[in-house]
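S.K.: The lines below spell out each chain.
There are 2 protein chains.
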Amino acid sequence: MNYPNGRKNGDLYKQKKLYSHQFGNRGMSLEKDINDTNAYYLETKKAVIHKKPTPVQIVKVNYPKRSAAVITEAYFKQASTTDYNGVYREKYIDFEAKETKNKTLFPLANIHAHQVEHMQAVAAQGGITFLLIRFSVLDETYLFPAERLFTHWYAHLKGDKKSIAYKTIKQQGYFIPFQYKARVDYLTIIDKLYF
Amino acid sequence: MNYPNGRKNGDLYKQKKLYSHQFGNRGMSLEKDINDTNAYYLETKKAVIHKKPTPVQIVKVNYPKRSAAVITEAYFKQASTTDYNGVYREKYIDFEAKETKNKTLFPLANIHAHQVEHMQAVAAQGGITFLLIRFSVLDETYLFPAERLFTHWYAHLKGDKKSIAYKTIKQQGYFIPFQYKARVDYLTIIDKLYF
Chain A
13 MNYPNGRKNG
23 DLYKQKKLYS
33 HQFGNRGMSL
43 EKDINDTNAY
53 YLETKKAVIH
63 KKPTPVQIVK
73 VNYPKRSAAV
83 ITEAYFKQAS
93 TTDYNGVYRE
103 KYIDFEAKET
113 KNKTLFPLAN
123 IHAHQVEHMQ
133 AVAAQGGITF
143 LLIRFSVLDE
153 TYLFPAERLF
163 THWYAHLKGD
173 KKSIAYKTIK
183 QQGYFIPFQY
193 KARVDYLTII
203 DKLYF
Chain B
13 MNYPNGRKNG
23 DLYKQKKLYS
33 HQFGNRGMSL
43 EKDINDTNAY
53 YLETKKAVIH
63 KKPTPVQIVK
73 VNYPKRSAAV
83 ITEAYFKQAS
93 TTDYNGVYRE
103 KYIDFEAKET
113 KNKTLFPLAN
123 IHAHQVEHMQ
133 AVAAQGGITF
143 LLIRFSVLDE
153 TYLFPAERLF
163 THWYAHLKGD
173 KKSIAYKTIK
183 QQGYFIPFQY
193 KARVDYLTII
203 DKLYF
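Here the protein sequences line up with chains A and B, keeping their order.
According to this note's numbering, the first sequence is numbered sequentially starting from 13.
According to this note's numbering, the second sequence is numbered sequentially starting from 13.
The following block holds chain A by itself, in its conformation from the complex (with noise of 0.2 angstroms):
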């Protein structure tokens, strides 16, 4: 990317990039590193794991004359499952990516009802499905086992706190260690937790 000389933003950018280049993944995005991750497990015949597209509701669509139609009115509408999905050895693959810059704790509101009815019907039908949770101030990423959420989910709706705190996600959870190629390699987990 070029950025006119001197402009701010664009040396701020050079400057993380560089950085995010040495020391790690600081400064992209949970879904960017997914995304890569994914790519490669493709490509390397490792897996088969695409994020969904996103959902949108179409109103009105407009059909000019010698070039493609165009969507000229439309709403985000929210999902109904989680985000990505796919298979493993032989294994269906389901799981919500969740990125926050609280450092002590995860919010719940991160998650939505339906993701998490989505997340146990999976889970009642012997898929693996798990939560990948990112705290970017602190660039540690983390998966989360479904079976874990569900039981802060379900504390939480009887009046029990609002989020889950960070060392109960050290705890409970994996950590996710940052590899050159595949960024978020949690499949490395995966193979340690169920097979």
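Incorrect hints may appear among the rest.
Pairs involving identical chains hold if they fit within one copy or between any two copies, as the list cannot separate such chains.
Here are the simulated EDC-like pairs of lysine to aspartate or glutamate, each with C-alpha atoms no more than 16 angstroms apart in a straight line [stated by the list, open to error]:
(1) K179 with E85
(2) K170 with D48
(3) K110 with D95
(4) K57 with E129
(5) K182 with D203
(6) K58 with E152
(7) K179 with D203
(8) K113 with D95
(9) K58 with E129
(10) K113 with D151
(11) K63 with D48
(12) K77 with E129
(13) K193 with E55
(14) K113 with E102
(15) K72 with E85
(16) K63 with D95
(17) K113 with D172
(18) K64 with E43
(19) K115 with D172
(20) K57 with E43
(21) K64 with D95
(22) K182 with E152
(23) K44 with D151
(24) K193 with D172
Just so you know, these hints were derived from the structure itself, not from any lab.
Chain A is already provided as a structure; the job is to place chain B on it using the hints.
M.R.: Okay, now just chain B, sitting in the frame of chain A:
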């Protein structure tokens, strides 16, 4: 749905609806039938299988004060995977659904190369992958296993026919009988083939 009195399309619609109600699923789209079937599977805890959202390239979004974000310019993108996936009895399920008005053959132009590649990657991971093909004029729907599609696909790439004969689909595929609640009850075929 209400139609103004005497409106031709409305009357036609009513007739069709009545007809399909009494005699089968003629006149209903394959997509609608599959969505209803998947909803029934989900409700009865038989399987968790969803259609992916239509992939859309979002270009412009307006954020009006006090109301929802409006997408004002977007384009349809070609899907890089199949339309449906999920989990059934611990197995990963992945399929594409296609309807043709042709009575004697299924044109391979209905399928994209990257969809076939995706199905091959899924099969290599031990996922269950197939086509659902409806001959709409005949009102017959078949499950056609991906492995058999691959044979026809690569024969076509080497200069063979651009289509699969209806007769071949009848022989190499599996007829899906119409069920009242699961209108395209493909999992009964999956039970016989894979369990």
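S.K.: Compare the structure with each hint and give your call.
M.R.: Okay, the hints, checked on the actual structure:
Taking the shortest alpha-carbon separations for K179 and E85, neither the intra-copy value of 44 angstroms nor the inter-copy value of 44 angstroms comes in at or below 16 angstroms. Taking CA atoms no more than 16 angstroms apart as the test, K170 paired with D48 passes in neither setting, with 38 angstroms inside one copy and 34 angstroms between copies. In this assembly of identical chains, K110 and D95 lie within 16 angstroms of each other by CA distance solely inside one copy; the values are 10 angstroms within and 25 angstroms between copies. For a Cα distance limit of 16 angstroms, the shortest separation of K57 from E129 across copies, 12 angstroms, qualifies, whereas the shortest one inside one copy, 31 angstroms, does not.
In this homomeric assembly, K182 and D203 never come within 16 angstroms of each other (Cα to Cα): the closest approach is 19 angstroms inside a single copy and 41 angstroms across copies. For the identical chains of this complex, K58 and E152 are neighbours neither inside a copy (24 angstroms) nor across copies (37 angstroms), given an alpha-carbon limit of 16 angstroms. In the homo-oligomer, the alpha carbons of K179 and D203 never lie at most 16 angstroms apart, since the shortest distance is 24 angstroms inside one protomer and 44 angstroms across protomers. Taking CA atoms no more than 16 angstroms apart as the test, K113 paired with D95 passes in neither setting, with 20 angstroms inside one copy and 34 angstroms between copies.
Proximity of K58 to E129 under the C-alpha cut-off of 16 angstroms is restricted to the inter-copy arrangement: shortest distance 15 angstroms between copies versus 28 angstroms within a copy. With identical chains, the CA atoms of K113 and D151 are at most 16 angstroms apart within one copy only, with a shortest distance of 10 angstroms there and 54 angstroms across copies. Taking identical chains as interchangeable, the C-alpha atoms of K63 and D48 lie at most 16 angstroms apart only when both belong to the same chain, with a minimum of 11 angstroms there against 24 angstroms between chains. For the identical chains of this complex, K77 and E129 are neighbours neither inside a copy (45 angstroms) nor across copies (32 angstroms), given an alpha-carbon limit of 16 angstroms.
Taking the shortest Cα distances, K193 and E55 sit within 16 angstroms of each other inside one copy (11 angstroms), while across copies they are farther apart (40 angstroms). Taking identical chains as interchangeable, the C-alpha atoms of K113 and E102 are never at most 16 angstroms apart, the minima being 35 angstroms within one chain and 35 angstroms between chains. Proximity of K72 and E85 under a CA criterion of 16 angstroms is satisfied in both settings, with 5 angstroms inside one chain copy and 10 angstroms between copies. In this assembly of identical chains, the alpha carbons of K63 and D95 lie at most 16 angstroms apart whether taken from the same copy (6 angstroms) or from different copies (13 angstroms).
In the homo-oligomer, the alpha carbons of K113 and D172 never lie at most 16 angstroms apart, since the shortest distance is 22 angstroms inside one protomer and 57 angstroms across protomers. Proximity of K64 to E43 under the C-alpha cut-off of 16 angstroms is restricted to the intra-copy arrangement: shortest distance 12 angstroms within a copy versus 18 angstroms between copies. Taking the shortest alpha-carbon separations for K115 and D172, neither the intra-copy value of 20 angstroms nor the inter-copy value of 61 angstroms comes in at or below 16 angstroms. In this assembly of identical chains, K57 and E43 lie within 16 angstroms of each other by CA distance neither inside one copy nor across copies; the values are 21 angstroms within and 30 angstroms between.
Taking identical chains as interchangeable, the C-alpha atoms of K64 and D95 lie at most 16 angstroms apart whether they share a chain (5 angstroms) or sit on different chains (10 angstroms). When the C-alpha separation of K182 and E152 is checked against a cutoff of 16 angstroms, the pair qualifies only within one copy, where the shortest distance is 10 angstroms, while the shortest distance between copies is 54 angstroms. Proximity of K44 and D151 under a CA criterion of 16 angstroms is satisfied intra-copy only: 14 angstroms inside one chain copy versus 44 angstroms between copies. In the homo-oligomer, the alpha carbons of K193 and D172 never lie at most 16 angstroms apart, since the shortest distance is 40 angstroms inside one protomer and 40 angstroms across protomers.
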